[in-house]
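If you count the sequence shown from 1, you need to add 1247 to reach this note's numbering.
Simulated from the structure, these hints should not be mistaken for lab results. Because the structure is a prediction, the values reported are computed rather than measured. Cβ atoms here follow ideal geometry from the backbone N, Cα and C, with glycine treated the same way. Check each hint, because a few of them may be wrong.
[To be verified] Here are the simulated lysine to aspartate or glutamate pairs, EDC-like style, with alpha carbons at most 20 Å apart:
| hint | residue 1 | residue 2 |
| --- | --- | --- |
| 1 | 1525 | 1568 |
| 2 | 1264 | 1378 |
| 3 | 1326 | 1390 |
| 4 | 1525 | 1413 |
| 5 | 1562 | 1433 |
[To be verified] If you anchor each label on the Cβ, the simulated ranges turn out as follows:
| hint | residue 1 | residue 2 | range |
| --- | --- | --- | --- |
| 6 | 1548 | 1369 | 19 to 27 Å |
| 7 | 1344 | 1565 | 32 to 40 Å |
| 8 | 1446 | 1569 | 17 to 25 Å |
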Amino acid sequence: MTHVMKIFTDSPAFAEKIIGPAPGRPPQGADRDNPCDTHDNIRVLADRLLRGSETARQLDRSGGPAAQPCEIDFHPLWKHLLIAERSPRSQFDELISFIRERPGLSGGILALAGSGTGFHGSEGRPWICGEGNLHLCAFLAPEPPAPHRASAYMVLSVVSVLQTLDSLGFGGRAAVKWVNDILIEDAKVGGALVHTQNLGASINGVVLGFGLNVETAPAVPRDRFVPRVGSLAEFAKDKTACPPGTQPTPVGVFGRRACSLGPVFRRLSAVLADNYQKLLAGGYRELHEIYAARSVVLGRAVAVYDGDRELCRGKAVSIGENLELFLEGAGQPVTGGRLALL
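Sequences are here, hints too, so could you generate the full structure?
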């Protein structure tokens, strides 16, 4: 049966770049029992995430963001998709604030922004948006509440990005730098954020945030933690020399000129949904093994800092079940701080 997703957007033209031409209302026989209704929670959330642009005000003069149920080839986990061409604030922060105020929000929500202001990475560090890059949030509501720690959802996020890039033709070139940076050839191309909401000892709400440099590498100040920044477009092209008059052979589904946000978003949303279901079914160990196998830090000399203060340094030898980092000869694992490769 056809899956129906409800889409809210402040720009139909931008949304079409992400998901393709809007097919209109679902045909007779589509799955109308799918919980993609426009109840108050979703309406209010869409208003918060999309309100603030002139485009949004023009789109729906009745006072709310535009929404349309669509027949769309998407994983059935996802019930609602909110697309902002430009977000006036961090969608990650807005989602966290929203679930604190309205703990009954149903899961299966994706929120994507083409660009915006107030975006950030870990510890509130500014994240510079670039047009054509991925700025994506997901809200999940495990049912029943899951006993995993927050680190399980960081593993879920990172592994989903790595597998997405593998499926798009990067063939194992992407890696993770502890704990949440995505690298290709030691250049940072993305990162992930996780916020969890607890019900007793279990998690009943999760906000995931993804930033991925798809088309452009933003002008980020270089330091010991981020000595180099790159984009998927930069690394997607075959580096071999081409005969005169020919074009380089693209790697995977896109080359440098064709690398675009839509295919990356659609693939990541599918991989993330599959891995989330695997996690809930008891597959954390498998996901953790992939995370550790794709770690760029294991076997290398590293230093870990708290701000400018060095906490420790040494050779990274293993990553624990809850993402604690073990250094050779150290008595205690590292459970916090920011890592620099030496």
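### Query
Failing hints, ascending?
Of the numbered hints, all hold.
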